[in-house]
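The whole structure should be built from the sequences, with the hints applied where relevant.
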Amino acid sequence: MKVPYCQHQHSTPDPQAPALEIKGLAVSYSSEEKFALQDFDIRVPAGSSLALVGPNGAGKSTLFKAICGLLPVRRGLIRVFGHSLGACHHRVVYLPQRSEIDWHFPVSVLDLVVMGRYVYLGWFKRPSQRDVEIARHALKEMNVWDLAGRQISKLSGGQQQRVLIARALSQNADLLLLDEPLNAVDASTRQTVGEVLQKIKAQGKTVIVATHYYDQEEGRYDNAIYLKDGKRIKSPDQKEESIHNDCDCT
Amino acid sequence: MHYLTDPLQYVFIQRAILAAVIIGVVCAALGTFVVLRRMAVVGHALTHSALPGLVIAYLMGGSLFAGALIATVMTALGIGYLARDESVYEDTLVGMVPNIMFAFGILLISTTKSFRDLFSMLFGNILGVTEGDLHLIMLIAAVSLLALFLFYKELKLFSVDPDYAKTIGMPVKALHYGILLFLSFTVVVGIQAVGTVLTNALLVIPVAAARLLTERLGAMMALSCVFAVLSAIGGIYLSYYFGTASGASIVMFAAVMFAGAWVYKFFRKA
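If you read the protein sequences in the order shown, they are chains V and F. For the first sequence, the working numbering gives the first residue as 1, with consecutive numbering after it. For the second sequence, the working numbering gives the first residue as 1, with consecutive numbering after it.
Be careful, since some hints might not be right.
Below, in silico cross-link-like pairs of lysine to aspartate or glutamate (DMTMM-like), each with a Cα-Cα straight-line distance of 20 Å or less [said to hold, decoys possible]:
| no. | chain 1 | residue 1 | chain 2 | residue 2 |
| --- | --- | --- | --- | --- |
| 1 | V | LYS154 | V | ASP102 |
| 2 | V | LYS234 | V | ASP41 |
| 3 | V | LYS154 | V | GLU100 |
| 4 | V | LYS228 | V | ASP41 |
| 5 | F | LYS153 | F | ASP163 |
| 6 | F | LYS173 | V | GLU100 |
| 7 | V | LYS154 | V | ASP186 |
| 8 | F | LYS153 | V | ASP102 |
| 9 | V | LYS23 | V | ASP41 |
| 10 | F | LYS153 | F | GLU215 |
| 11 | F | LYS173 | V | ASP102 |
| 12 | V | LYS228 | V | GLU33 |
| 13 | V | LYS231 | V | ASP39 |
| 14 | V | LYS154 | F | GLU215 |
| 15 | V | LYS234 | V | ASP222 |
| 16 | F | LYS153 | V | ASP131 |
| 17 | V | LYS228 | V | ASP39 |
| 18 | F | LYS153 | V | GLU133 |
Because the hints were derived from the structure by calculation, they are not lab data.
Printed below as a string of structure tokens:
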């Protein structure tokens with residue numbers, strides 16, 4: 001018998017609903033601080049890919065954290081596949097920037113990737129052989145299957161990124177939020193990540209990537225939106241001007 | 001060989017060894033997460049916070065275990081709660097609260113006629129463990145180890161990537177308070193063996209020694225338990241033959257284990 005982590009039941013996504021719909025979102029890091037993100041609207045169709053472009057401090061990570069429930073929503077509405085936040089944890093995966101993980105903790109690469117299956121296990125259940133096989137397959141996809149037994153403390157920056165993406169793949173989420181996945185990685189990793197993102201998109205999954213490198217990767221994404229100082233702007237050259245309309249990004 | 005078997009003819013020694021082994025295993029098992037999550041200072045805080053609970057229970061003629069448990073649990077939950085206010089840093093609380101609690105305990109001790117009765121609270125009295133104490137130690141150990149077994153994978157994920165744990169719906173606050181709660185239980189049983197002053201050593205030293213020899217979590221935990229068991233038995237034998245304080249002897253044996261592991265690692269690298 002499965003005992004899920006969250007009280008919310010895993011909901012079946014509404015097939016007609018967009019992958020992500022946000023209206024009037026305002027987020028801050030504490031109740032007293034000014035908004036790190038405000039007046040944010042977006043509608044991301046299922047199966048599309050979107051680049052979230054902006055400098056450091058623009059609000060990209062803040063947006064991802066709000067969608068995943070890591071930051072409380074001060075105002076506005078977020079719906080994922082037609083359901084409220086937290087109704088389908090397993091369908092959303094957030095890939096943070098690498099520094100937020102304790103890379104010195106003694107777990108192996110395979111252990112870390114198998115953690116992507118925990119959302120399906122819930123309390124008390126151990127990963128099965130099938131879960132381990134799914135994790136191994138994800139490592140193969142990212143060309144790091146030979147690192148399965150290595151401790152995560154012994155990985156290079158590029159290898160860390162590949163392993164984190166492998167964990168995201170093993171979770172088999174439908175909405176992937178990738179925060180600067182190409183930041184400070186080698187060319188080989190950049191290519192592998194690019195190929196995997198294309199493969200994921202071909203599987204009908206929705207991908208939103210926070211990036212500084214949009215100019216170099218423009219062909220990879222269906223659309224791009226720009227953020228500056230916590231607000232959405234029309235283009236990188238435009239001064240900040242929030243877009244209040246229910247804006248479809250397609 | 002009779003040096004090993006002679007002490008075992010005494011029931012109190014048998015009881016002490018059994019209690020010390022159980023306490024060592026629990027401290028080492030939970031101590032693995034304490035050390036890896038960099039919570040050693042919190043462990044230190046809780047051990048010191050137990051003192052006023054022990055003294056009040058003693059003065060009221062109540063259960064020392066209960067007194068220590070109430071004091072450590074209140075401290076653990078209090079630190080966890082107060083640290084939510086970001087204007088008070090958690091490490092400040094951890095540095096401040098146990099010193100206040102320890103001072104309060106010493107203050108209460110100073111109101112009694114003699115310090116002798118309370119020496120065992122500060123430095124342990126494993127040789128004075130009664131049958132009832134042993135049953136309580138076994139119960140607390142069983143519950144703690146069962147919790148560790150049931151929630152092992154959640155503790156692993158929460159330690160390496162708490163944000164990801166939260167995104168998949170894990171109640172991370174409950175896990176955090178749960179760790180503090182079981183740490184409180186572990187501290188209370190540890191105090192019986194080595195007292196409030198030295199319990200943190202039992203949480204930390206066997207794990208530190210194991211960490212020198214392996215990088216795998218499961219192996220680290222198992223090796224910590226082995227070191228803790230050897231320290232417990234060695235410390236009691238030392239106390240029996242040389243009349244040394246049992247709690248301090250256990251800790252010194254653990255320190256010898258650590259030194260041995262360090263030397264082994266040094267020469268293996270060379």
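> Of the hints given before, which are not true for this structure?
Replying inline: Violated hints: none; all satisfied.
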